[in-house]
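So for the sequence shown, our numbering puts the first residue at 1; every next one is plus one.
By construction, these hints were calculated from the structure, which means they are not laboratory data. Values in this document were obtained by computation on a predicted structure and should not be read as measured data. Idealized CB from N, CA, C, for every residue including glycine. Be a bit skeptical, because a hint or two may be false.
Just the calculated beta-carbon pair ranges, DEER-fashion [what the hints assert, rightly or not]:
hint: 1; residue 1: 206; residue 2: 228; range: 34 to 44 Å
hint: 2; residue 1: 163; residue 2: 298; range: 20 to 30 Å
hint: 3; residue 1: 202; residue 2: 257; range: 32 to 42 Å
hint: 4; residue 1: 162; residue 2: 216; range: 39 to 49 Å
hint: 5; residue 1: 191; residue 2: 167; range: 27 to 37 Å
hint: 6; residue 1: 234; residue 2: 208; range: 44 to 54 Å
hint: 7; residue 1: 234; residue 2: 140; range: 27 to 37 Å
hint: 8; residue 1: 243; residue 2: 128; range: 32 to 42 Å
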Amino acid sequence: MLPARSPRRPGTLSPRRWSLLAALTLSLAAPEALAAPPVSDADPAASPAPPAEAPPAEAPTAADPAVSDAASEPADQDSAAEDAAEPSSAEPEGPVDDDAGDETGDETGDDEAEAEDDASAEDTEALPTPPRVDGIYVGLTAYVPLSFARVRNLDTPGVYVGPGGSFRAGEVVYPWMTIGIELTGELAYQADQRMGQGAFLVDVGFLPVPKRPLSLHVGFGIGGGAIREDGVEGRKGYGGAAFKAAVRYEFFPLAKSFRPKRGGGFGLGPEVGWLGFTPAAAGRPMSNTVYLGLTTTYYFGS
Numbered sequence: 001m002l003p004a005r006s007p008r009r010p011g012t013l014s015p016r017r018w019s020l021l022a023a024l025t026l027s028l029a030a031p032e033a034l035a036a037p038p039v040s041d042a043d044p045a046a047s048p049a050p051p052a053e054a055p056p057a058e059a060p061t062a063a064d065p066a067v068s069d070a071a072s073e074p075a076d077q078d079s080a081a082e083d084a085a086e087p088s089s090a091e092p093e094g095p096v097d098d099d100a101g102d103e104t105g106d107e108t109g110d111d112e113a114e115a116e117d118d119a120s121a122e123d124t125e126a127l128p129t130p131p132r133v134d135g136i137y138v139g140l141t142a143y144v145p146l147s148f149a150r151v152r153n154l155d156t157p158g159v160y161v162g163p164g165g166s167f168r169a170g171e172v173v174y175p176w177m178t179i180g181i182e183l184t185g186e187l188a189y190q191a192d193q194r195m196g197q198g199a200f201l202v203d204v205g206f207l208p209v210p211k212r213p214l215s216l217h218v219g220f221g222i223g224g225g226a227i228r229e230d231g232v233e234g235r236k237g238y239g240g241a242a243f244k245a246a247v248r249y250e251f252f253p254l255a256k257s258f259r260p261k262r263g264g265g266f267g268l269g270p271e272v273g274w275l276g277f278t279p280a281a282a283g284r285p286m287s288n289t290v291y292l293g294l295t296t297t298y299y300f301g302s
């Protein structure tokens, strides 16, 4: 006959059930618990104790060099990837405007042209001024004469005034000397008398200061003239050797602009002179003329 079981208190578990619950808990917590030997109901104390949990590993700090290097490598890779993905700043975004490039080129060309003009202007200013009275020349002179004449069998008490002019051509043979020819003539009046005279001369000029267009001229040749009076038949004249002396100063207003590096140019200025037809003997016919005129000359340069 079996002994009677002691009555179980409600709400309590038997040692066997405690062992099964512990084994189930360990199997869920750690797979190694499955290999543990089975625990008998008779010896609940023989059940293996759950393994001690390992202390949590210390988290690496930012001061650890290995962590810093490992963290920086992905950051560097990300930065390189972003730089490769971004468009290059040297390449313009959107379509390229060809007109803008042309305008830039034009502006650059204009700046270079202005720089060249400035450089040429500076070079021109630095160069010495070339001589203006230079080379072959042609010229005209318009003047107002005051003439005094003496002829036979006709009284000429007054001064003859009228228009006069001359044409000349020649060459600057030295910086201080010119040689040329000149044709001169005039028509003058006094009361009821009129006088006409002319001459062909060889003109020689001297420049005291070669760089200044001030010139002294002397001429010699042949010529003559005649005087008529209203109501008197015939004419009374004179002729023979003729001489001339003059002082001339010329300005060259356009030469610096049109001929900055070449000599010569267009000159104009005042001229004061004397023209005489000397008598062949004492008391013979003669004429003296003084004049003030405007002379124009073009020097072709050498």
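### Task
Tell me, in ascending order, the numbers of any earlier hints that this structure violates.
4
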